[in-house]
Amino acid sequence: MTAPGAKPRLAVWKFSSCDGCQLTLLDREDELLAVADAVDIGYFLEATSAQVEGPYDVSLVEGSITTPHDVERIQEVRAASKVLITIGACATAGGIQGLRNFADVDEFVSVVYASPSFIDTLATSTAIADHVPVDLELRGCPIDGRQLLEVVGALLAGRKPVVSGQSVCVECKAAGNVCVLVAHGTPCLGPVTHAGCGALCPSYHRGCYGCFGPSESSMPESLAPALAAVGMDESDQGRFLRTFNAWAEPFRSASTVRLPDPHRRQP
Amino acid sequence: MSDDTTRTIKVEALARVEGEGAMHVEIRDGALVGVELQIYEPPRFFEAFLRGRRHTEPPDITARICGICPVAYQMSACEAIEDACGVVVDGPLRALRRLLYCGEWIESHTLHVYMLHAPDFLGYHGAIEMAADHRERVEQGLALKKVGNQIVEVLGGRAIHPLNVRVGGFYRVPTRRELQPVLDGLLRVREIAEGTVRWVGAFDMPDLTYDHELVALSRPDEYAVVGGNVVSSSGLDIPVSAFLDEFAEEHVARSNALHAYRSDGTRYLVGPMARFALGYDRLSESARAAAVEVGVGPDDRNPFRSIVVRAVEVLHAVDEAIGLIEAYEPPDQPAVPVEPRAGVGHGVSEAPRGLLYHRYTLDDEGFITDAVIVPPTSQNQPSIEADLFRLVEQNLDLDDDALRHVCEQSIRNHDPCISCATHFLDLTVDRG
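Residue numbers (this note's numbering), protein chains in the order written: chain A, 6 to 272; chain B, 721 to 1152.
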């Protein structure tokens, strides 16, 4: 990767996002200094004002593409990065701000801003992989810190990271939880949602709300009868799928069938 | 570019703040003409897409406005919706909300003090560089921050975007046994929290005074975080429901963040300096004693001393969290029922960076028809610019690098949460 003896150069980039996924790295209090010792931090604005020119061995990219400038900047980041890893729901699926993709963004601008002409934004919020090739996508809103360490550690060791593509149900069973959908009639997206969080929501007696996005073979249609049986009507099901990974297939198409108009319910 | 009458300084991006923005300083013939804080982090339209969602959804959705202070968004959202539905959450559930908020104050303030702001005073690019010379100190900061995160994790399910918060309370409340390791952790880091006040209290800082009007939440019985009235240093004392009568947001061309002003057009400041000045006598005894020891008092108006005030607030939050856990009796129910009804609700809580206001309008089925969110950094933007203006004016003779550094530091005094306000800092000094 790098010159013999040199540490791999890491960069952390931000696009449209809440900063939560890069904060996940700073929140690894027990491991942060060890990671920092093992890499050369070339660019990480949240943590340091020092900046080293690329190329970078590994770039972690947070956030989605929402402005004309973002479209240009992600090309530069890709060109300067040997390995590019997207972190989080914004970077891998457009994030919560992807809700604009179903609506009229001009109307959104007018709701929030008194002078819409000042605002320069795209009509869509899209994933990084929609614009440049991505080497690995780490899901979650936010990503899971242990997964992030696994990926960084694997890259440092020169091996393939182990990241499951199964559903939350697998983790939920491993955690020994009672199924909240079957036992308590609580709406749960666990069967169609990507693993990675450790089945947190069912462990806290609530249903999974899909913040890790669709699992690899996610089939939201197969879950619909179970959700209907616990009292969710079509529009509730549509909104359930349309949150932090709304633009990720198959959540996108399954929600659109149920909410043909913008994400709002019918009047 | 520089010649005899023109100097231009550019910083591609301000580091160690949350989010992205720029600053422009204009100097003509040696005189300062204007300072603009430009927030160009792309808008994310939360207020727009909250419309049409159920009254149960804002705690999860608004948490995503900020990875650093999601609890603040969840608490203000819950307060506002409960207000609209005529429900008051009190007793042990309110105590748990305060405990959760203490966790966020500890993790967010400690992140700012150790990783974002202290490097300015000690001459490092960041905490990781600082760790090369001050490893033990940085490790202590990380240990303190970890306990803050631990509170949010146990109570909220995870430190970033907690999932256990709902309108009316929680999905599951912790057992006393689950809180015991948190209490042990707090007792372990209490000394670090005290040491942090002494450490930052000894930093060299410019001797400056600013006369911002200070605005914070206030309660007679506690250092206010959730619930109470909105008060100010000029004597304002209003219920939360009157917030938008007294404060107004305006949209300026240079910024994707709205700027908030008093309704008479004057600027004001929210955040730790405001809370400290207006709630000094309700700090924990040891937090107050620590403040006295390092010579910071309720009349302090030097924004560079905000790092000291943050450290004092961390100690207060540690003390309060210890008290809350020791007194904790699990409630019978994890949440009170909140039946939707048509109406308007207002909610305010004290995010680490300052007062955070939410207003929701619900229809009779509980669907949101309108949402207004006023984050602390929007409110502080005019005051941050005012600070910069005076600071640049007083330091025109500094060379570009030194001037840039002092400006960046001044911005970081306010710990701006730029994604919250919508937002990237790129400093340009134009001396043309």
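Keep in mind that a hint or two might mislead.
[To be verified] Simulated restraints on C-beta separations: (1) Glu1005(B) to Gly59(A): 31 to 37 angstroms; (2) Gly59(A) to Val1056(B): 49 to 55 angstroms; (3) Glu254(A) to Gly1063(B): 52 to 58 angstroms; (4) Asp1052(B) to Ser169(A): 53 to 59 angstroms; (5) Ala134(A) to Val1056(B): 39 to 45 angstroms; (6) Ala39(A) to Glu1005(B): 36 to 42 angstroms; (7) Ala1009(B) to Val116(A): 28 to 34 angstroms; (8) Gly1017(B) to Asp135(A): 53 to 59 angstroms; (9) Asp135(A) to Val1056(B): 40 to 46 angstroms; (10) His1125(B) to Asp45(A): 22 to 28 angstroms; (11) Arg1021(B) to Ala188(A): 40 to 46 angstroms; (12) Asp140(A) to Leu928(B): 47 to 53 angstroms; (13) Asp1052(B) to Asp45(A): 50 to 56 angstroms.
Treat the hints as calculated values from the structure; they're not laboratory data.
Here the structure is a predicted model, which is why all the values come from computation and not from measurement.
In this text, a Cβ means the ideal position worked out from N, Cα and C, and glycines have one as well.
The hints, checked one at a time:
1. Glu1005(B) to Gly59(A): 31 to 37 angstroms: violated, 52 angstroms
2. Gly59(A) to Val1056(B): 49 to 55 angstroms: Since the Cβ atoms of Gly59(A) and Val1056(B) sit about 54 angstroms apart, the hinted range of 49 to 55 angstroms holds.
3. Glu254(A) to Gly1063(B): 52 to 58 angstroms: Cβ of Glu254(A) to Cβ of Gly1063(B): about 38 angstroms, so the range 52 to 58 angstroms is violated.
4. Asp1052(B) to Ser169(A): 53 to 59 angstroms: About 38 angstroms separates the Cβ atoms of Asp1052(B) and Ser169(A), which means 53 to 59 angstroms is violated.
5. Ala134(A) to Val1056(B): 39 to 45 angstroms: Taking Cβ atoms as reference, Ala134(A) and Val1056(B) lie about 44 angstroms apart, which means the hint holds.
6. Ala39(A) to Glu1005(B): 36 to 42 angstroms: holds, 38 angstroms
7. Ala1009(B) to Val116(A): 28 to 34 angstroms: The hinted range 28 to 34 angstroms is violated for Ala1009(B) and Val116(A), with Cβ atoms some 48 angstroms apart.
8. Gly1017(B) to Asp135(A): 53 to 59 angstroms: holds, 54 angstroms
9. Asp135(A) to Val1056(B): 40 to 46 angstroms: Cβ of Asp135(A) to Cβ of Val1056(B): about 44 angstroms, so the range 40 to 46 angstroms holds.
10. His1125(B) to Asp45(A): 22 to 28 angstroms: Once the Cβ atoms are compared, 24 angstroms apart, the range 22 to 28 angstroms for Asp45(A) and His1125(B) holds.
11. Arg1021(B) to Ala188(A): 40 to 46 angstroms: violated, 58 angstroms
12. Asp140(A) to Leu928(B): 47 to 53 angstroms: The hint (47 to 53 angstroms, Cβ to Cβ) holds, given that Asp140(A) and Leu928(B) are roughly 48 angstroms apart.
13. Asp1052(B) to Asp45(A): 50 to 56 angstroms: holds, 55 angstroms
Hint violations for this structure: numbers 1, 3, 4, 7, 11, all remaining hints satisfied.
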